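Respectively, the protein sequence lines represent chains D and W.
Our numbering puts the first residue of the first sequence at 1, with every later residue one more than the last.
Our numbering puts the first residue of the second sequence at 1, with every later residue one more than the last.
Just to be clear, a hint being listed does not mean it is correct.
[Said to hold, decoys possible] Once the Cα atoms are required to be at most 16 Å apart in a straight line, the calculated EDC-like pairs of lysine to aspartate or glutamate come out as:
#1 D/190 with W/216
#2 W/190 with W/6
#3 D/242 with D/352
#4 D/242 with W/417
#5 W/190 with D/216
#6 W/90 with W/388
#7 W/90 with W/30
#8 D/190 with D/5
#9 W/242 with D/417
#10 W/190 with W/3
#11 W/242 with W/352
#12 W/190 with W/2
[Stated by the list, open to error] Where chain D lies over chain W, by a calculated footprint (3+ residues, C-beta under 8 Å):
#13 13–26
#14 101–109
#15 216–230
#16 392–398
Worth flagging that the hints you see were computed from the coordinates, not collected in a lab.
These numbers were taken from a predicted model, which means no experiment stands behind them.
From the three backbone atoms N, C-alpha and C, an ideal C-beta is built for every residue, glycine too.
Number of protein chains: 2
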Amino acid sequence: MDDREEVLATARRARLAAAALRLLTRDQKDAGLVAMADALVAATDRIVVANAGDVERARADGTSASIIDRLTLTPTRLADIAEALRDLAKLPDPVGEVIRGYTLPNGLQIRQIRVPMGVVGMIYEARPNVTVDAAGLCLKSGNAALLRGSSSAALSNRALVDVMRESLAASGLPQDAVQLVPGDTHESVKHLMTARGLVDVLIPRGGESLIRSVVDNSTVPVIETGVGNCHVYVDRDADIDKAVALVLNSKAQRVSVCNAAETLLVHADIADALMPVLIPAMAEAGIRLHADERFSRYAAEATITCEPVTDADWAAEYYSLDLAAGIVDSLDDALAHIARWSSGHTEAIVTDSQTAAMRFVAGVDSAVVMVNASTRFTDGGEFGFGAEIGISTQKLHARGPMGLPELTTTTFVVTGDGHCRT
Amino acid sequence: MDDREEVLATARRARLAAAALRLLTRDQKDAGLVAMADALVAATDRIVVANAGDVERARADGTSASIIDRLTLTPTRLADIAEALRDLAKLPDPVGEVIRGYTLPNGLQIRQIRVPMGVVGMIYEARPNVTVDAAGLCLKSGNAALLRGSSSAALSNRALVDVMRESLAASGLPQDAVQLVPGDTHESVKHLMTARGLVDVLIPRGGESLIRSVVDNSTVPVIETGVGNCHVYVDRDADIDKAVALVLNSKAQRVSVCNAAETLLVHADIADALMPVLIPAMAEAGIRLHADERFSRYAAEATITCEPVTDADWAAEYYSLDLAAGIVDSLDDALAHIARWSSGHTEAIVTDSQTAAMRFVAGVDSAVVMVNASTRFTDGGEFGFGAEIGISTQKLHARGPMGLPELTTTTFVVTGDGHCRT
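Here chain D stands alone, though its shape is the one from the complex (with noise of 0.2 Å):
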């Protein structure tokens, strides 16, 4: 059998299965996760042991401590995983949901609810706990999933798979909802990416690299998870204690993640009373300013020397204290800026005005709009939702924080009597 016909056969089981997972009760389901939970600790030491010989073949390639760190599983970490799908157990199944439910004038009774996608494929970087939470996602929303982690993590995604297979298995239910993409080339990952048809949706997971060239090259449908160009706009009527706040927040509180803010611009009207308490504040914290010649001068002031702002880094997604700003003479300036550079990510608006914040919310395109609050707050968890599979910055099916419900489609229910068309 071929690379590609083995990436198909996988596909084909996974599709069986997931005619039988759309089935399941939610009892069911929770069982299953809850047993996998089980399983995966009392695994503990030969997973540890798979993922050593991961760690190890790392460092011999000298892969750096961060990558190592996020790579290594130990017995606590391996419990934290274990006890998040115990927490997706307690989740209420998006599955059934009615969503829109109504009676015609002739009588047909039509019900618009929820139904499994089908096969799932995940595509994701070297993160072994990213195997265990698909797997768990999956499973509570009714779908099959397809596997495809960094060949760096090989040992540690075999082992953790395998002792998922063999709990469904004890549990009676089919092993084949969660499989490993066969092979680790590049050319399995495009095996599945052409396999339309046999798989549903892709959610790669990942640099921005990854997911490009999966929306680039896929037939599959794919959800878009991405890049975070975030803004801070300060508007003329915001609060400077509350304005001061949210950008530090947006920018410092945590820099490695999409929804830390990129860019800060001002409202020229607010600059003079801002600037004296903001600059300061943003040099305590360590951000490094990358500004325009107005926004500049107002940083000299407080004998702070800003780099001079360019496309590269209004376009810039830092992942660092870096920040690029600078001042504009309207609100509608700030719109357009934004809509030039953004990521279509999170916007914020910090402002007393009704009327601003009404505007800033309807012209912005983005997935997730902040009134007085801050861009870290883009986030399932922060949101309500329970569990997370991603962030969409695509327009088409999920957009912004996606949930359990996201990895569902639907299914309208007609109900008649006998009714035909006239």
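Using the hints provided, position chain W relative to the given structure of chain D.
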């Protein structure tokens, strides 16, 4: 300017228009729709003359009478097209609808609201009514429309779009809300399909090969409207009269449509009672059977001859009075047949058994499942949507009949009072 640059320049104008359209109120959009309707009626002569040019060329090219009929615009047809725009004005505005809303424990207020997609590309075949229809649906949902009709309707589409653009300008609305994609070669379609970032979604409407080509080649997200290989399954516990009526209505009420039935599956236990009534009724309706051996034996008893059914028949969307037919030994065998051959559009069960109905609904993976109702009801109009863009047979974003809400995406609006994340 080369062809690609010309298409991209058009898309950029559409993006600018979209930024203005998302700020319009419902009143403004509805006034625009009514103005467009009035303008089209007032320009009847101009449009009919342009259309005559297309019709003349089609005749000279030896085009079939049915296609010429679909291409032809008469004053009456134009009045109907304009009336559809007025009907659209009466429908609720999907933009601004709050589809989820709640307050978090920390006081943050979260609302998920419908917003326009942005730029919607439509690729369609000879019917010039789609030009107006699509422009109207896009305007109502706050989107800019990029229209790429068939070159055989080029003069008609030019005239229709010119009249609509003039009326938009006269109403103070952005005239680039409606544009034709420049160029009538296949290349211009290719440029549209690869204008990712400028075009938010593509909706192909037409035959299978057109849709296939868009799905396979587009890097812009596509909403696939699809092929209907619909099944009717008559269960063991069906009412005979309802079963006969539903089979005839599903297959023969109108054959050239995607929601007509193409395959009939009959439970073996009801065949003795059903067939003596059903077979003559189907023959009288002119239905031509392609049947398996067991089904054919029942037909032979009523002196009706069947063609032996082939895999091509099980797969076919006939668009005619032909019907593939077979006997199954159980509901699960019917589900397995449907899982193998269905295009995921609509499947119907005829049964008086609640257990059978529940199992069928849970086991079928299609956009619509009918219980004791004709497959012909799968339609935005019949569902009470007021307007229909098409019927999606894909699972992402929209599945089944699509109305105005399916032309929107959502934004999360999060309102705080200086909320920072800790």
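Structure-based check of all given hints:
no.	hint	verdict
1	D/190 with W/216	holds (15 Å)
2	W/190 with W/6	holds (13 Å)
3	D/242 with D/352	holds (10 Å)
4	D/242 with W/417	holds (8 Å)
5	W/190 with D/216	holds (15 Å)
6	W/90 with W/388	holds (14 Å)
7	W/90 with W/30	holds (8 Å)
8	D/190 with D/5	holds (12 Å)
9	W/242 with D/417	holds (8 Å)
10	W/190 with W/3	holds (10 Å)
11	W/242 with W/352	holds (10 Å)
12	W/190 with W/2	holds (14 Å)
13	13–26	holds (count 3)
14	101–109	holds (count 3)
15	216–230	holds (count 4)
16	392–398	holds (count 4)
Taken one by one, the earlier hints all hold for this structure without exception.
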